[in-house]
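Going down the list, the sequences are from chains A and B.
In short: position in the first sequence from 1, add 803, done, that's my numbering.
In short: position in the second sequence from 1, add 803, done, that's my numbering.
None of these hints come from the bench; they were simulated from the model.
Here the structure is a predicted model, which is why all the values come from computation and not from measurement.
C-beta atoms are modelled at their ideal positions from N, C-alpha and C, and glycine is treated no differently.
It is possible that some hints are incorrect.
Restricting the straight-line Cα-Cα distance to at most 25 angstroms, the calculated cross-link-like pairs of lysine to any residue (SDA-like) are [as the list claims (entries may be wrong)]: (1) B:K931 x A:H814; (2) B:K916 x A:I815; (3) A:K930 x B:Q809; (4) B:K891 x A:V937; (5) A:K847 x A:C858; (6) A:K837 x A:V877; (7) A:K931 x B:P893; (8) A:K930 x B:S921; (9) A:K916 x B:Q811; (10) A:K916 x B:Q920.
Residues from chain A that keep clear of chain B, each with C-beta distances beyond 10 angstroms, as calculated [as the list claims (entries may be wrong)]: (11) I812; (12) I815; (13) S828; (14) L835; (15) K836; (16) G845; (17) H863; (18) L873; (19) K952; (20) A961; (21) Y966; (22) Q967; (23) L985; (24) S986; (25) R989; (26) K991.
2 protein chains.
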Amino acid sequence: MCTALQQQIEHIIPLNPAEFNFFLSHFTEKKLKKGEFLIREGNKVQADFFIVKGCLKAYHIDNKGTEHILQFAVEDWWITDFQAYLLKTPATINIVCLEDCEVLSLSFNDREKLCAQSHTIEHFFRKKSNFGFVALQKRILSLLTSDAKERHTQFLNAYPQLYQRLSKKVIAAYLGVSRETLSRLRRKKL
Amino acid sequence: MCTALQQQIEHIIPLNPAEFNFFLSHFTEKKLKKGEFLIREGNKVQADFFIVKGCLKAYHIDNKGTEHILQFAVEDWWITDFQAYLLKTPATINIVCLEDCEVLSLSFNDREKLCAQSHTIEHFFRKKSNFGFVALQKRILSLLTSDAKERHTQFLNAYPQLYQRLSKKVIAAYLGVSRETLSRLRRKKL
DNA sequence: AACAATAATTGATCTATGTCACCTTTTATA
DNA sequence: TATAAAAGGTGACATAGATCAATTATTGTT
Numbered sequence: 804m805c806t807a808l809q810q811q812i813e814h815i816i817p818l819n820p821a822e823f824n825f826f827l828s829h830f831t832e833k834k835l836k837k838g839e840f841l842i843r844e845g846n847k848v849q850a851d852f853f854i855v856k857g858c859l860k861a862y863h864i865d866n867k868g869t870e871h872i873l874q875f876a877v878e879d880w881w882i883t884d885f886q887a888y889l890l891k892t893p894a895t896i897n898i899v900c901l902e903d904c905e906v907l908s909l910s911f912n913d914r915e916k917l918c919a920q921s922h923t924i925e926h927f928f929r930k931k932s933n934f935g936f937v938a939l940q941k942r943i944l945s946l947l948t949s950d951a952k953e954r955h956t957q958f959l960n961a962y963p964q965l966y967q968r969l970s971k972k973v974i975a976a977y978l979g980v981s982r983e984t985l986s987r988l989r990r991k992k993l
Numbered sequence: 804m805c806t807a808l809q810q811q812i813e814h815i816i817p818l819n820p821a822e823f824n825f826f827l828s829h830f831t832e833k834k835l836k837k838g839e840f841l842i843r844e845g846n847k848v849q850a851d852f853f854i855v856k857g858c859l860k861a862y863h864i865d866n867k868g869t870e871h872i873l874q875f876a877v878e879d880w881w882i883t884d885f886q887a888y889l890l891k892t893p894a895t896i897n898i899v900c901l902e903d904c905e906v907l908s909l910s911f912n913d914r915e916k917l918c919a920q921s922h923t924i925e926h927f928f929r930k931k932s933n934f935g936f937v938a939l940q941k942r943i944l945s946l947l948t949s950d951a952k953e954r955h956t957q958f959l960n961a962y963p964q965l966y967q968r969l970s971k972k973v974i975a976a977y978l979g980v981s982r983e984t985l986s987r988l989r990r991k992k993l
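Whenever a hint applies, use it, and build me the whole structure from the sequences.
If you want it as C-alpha cells, here you go:
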C-alpha cells in the first residue's frame, strides 16, 4: 500500500527503512467512496493527500454555475487546495472522489515538522514542489497558446489511460470547453 | 543592491550577515539593456534570476506568430524557464528585458550546492517554490473561469503599478486577448 | 428486469473575441 | 527637429466555441 509512496520518494532521495517508516508514521490512511469530498470550498484545509488508489478532481464552480477543473489525481499523485493549505485560508476549490479512493493524508504541521527535522525530507518536498510548478507552467502555456482541439489532443496524448478513465463531462471541464464542443471535437478526430 | 534579496530571504528564514554573504557569493550580477535577452528559446538555461531593477517578460511565440506571455518580473521577483532549468532541456520560452535591467543570476549547480550544504537555504527555496505554485494555480483558475473583461480587471487590481509600467500590447499578450480586444475593454471600463 | 437519473450526441442559433484594414498618437533615432 | 517606427484605437466582418433544446445511450438503484 505504501510502496508507491516509497518508490516515489526513492526516485528523489534515498531513505533507509527506518527513516521511511518514521516518515510514513506521520500519514493517516483514509478510505472514501465515490462522490465523497476530500475538501469543500469554504472549509479549512488540514492536509495534503497522496493517492494510493482511485481518482479525484479538484474543481471550482463559477458564478454562472459552470464547473472548472484545476487538477485530476490518480494513483501516486498528490492533491490538495495548496493555497488554502499553505496560507491557512478557507478552501477556494472542492476536491471530490470520482471513484472509491484510498489516500494518505499529511497535515500541514506534520509536513513542516518533518521538513524541519530532516533535511532530506525537506529536499524531497522542494523537488516535488519544483516539478509541480513546471507542470502548472506547461498548463498555462497550453491554455494561452492552444485552441480547444489542440488542448484536447495534448491531453489525450499526455494521459491516454487517464483519458479512458474519465467521463467526457469532466474532460471538457478540465480542457475549459463545453461538453458539446468536446463531443464535436471527438467526432472529427477519432 | 542586495538588500532586496536579503529582505526577501529574511521574510522566510533568519540568516546572519556571514551566512547571507556566503549565500550571496554564489550569485553573479548582470546588467542588461532594454531589448536584451536573458533566455532564448532553444538555448540552454544556466540560471535562475533575481531582479534587482527593471522589468522583463517570459513569452512564447505560437505557430501563428502570436506572442503569449507566461510571466512578468519586476524588482524582487525571480524569473527563468524553470522547466529547462530543472530538467536541463532546451528553453521553450524567451525572456527579454522590457526596460534596462539589473539581475542576480544563480546557476542550477550553485543552487543545488547551496541547498545541499544548508538546510536553511533549502527551506527558503522550498517555500519560494510553494508560493510560486500557488500563484500559478490562481492564474490557471483565472484563465478557466474568467472572461477577458474579468481577467483584465483582476490583473489591474492585483498589480496596479505594474499595469502602468507595461504597454497595452504586452498586457494583452499576458491576458490572452488581442490588442484590439484589450483596447475595447478599456474603452468601456476606464 | 424496470425505471430513473445521468452522460453523450447532435442541430440550430448566439456571442465574445479574433482578424484585417486603416488611422492617430507616442516614442525613438538620425 | 524631422522622420521613421512602434503603440494604441476603432470600425467591419469572420469564426470558434457557448448556449439551448431535443434525442439517444449508459449507468445506477430498487
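Hints not upheld, ascending by number: 17 and 18
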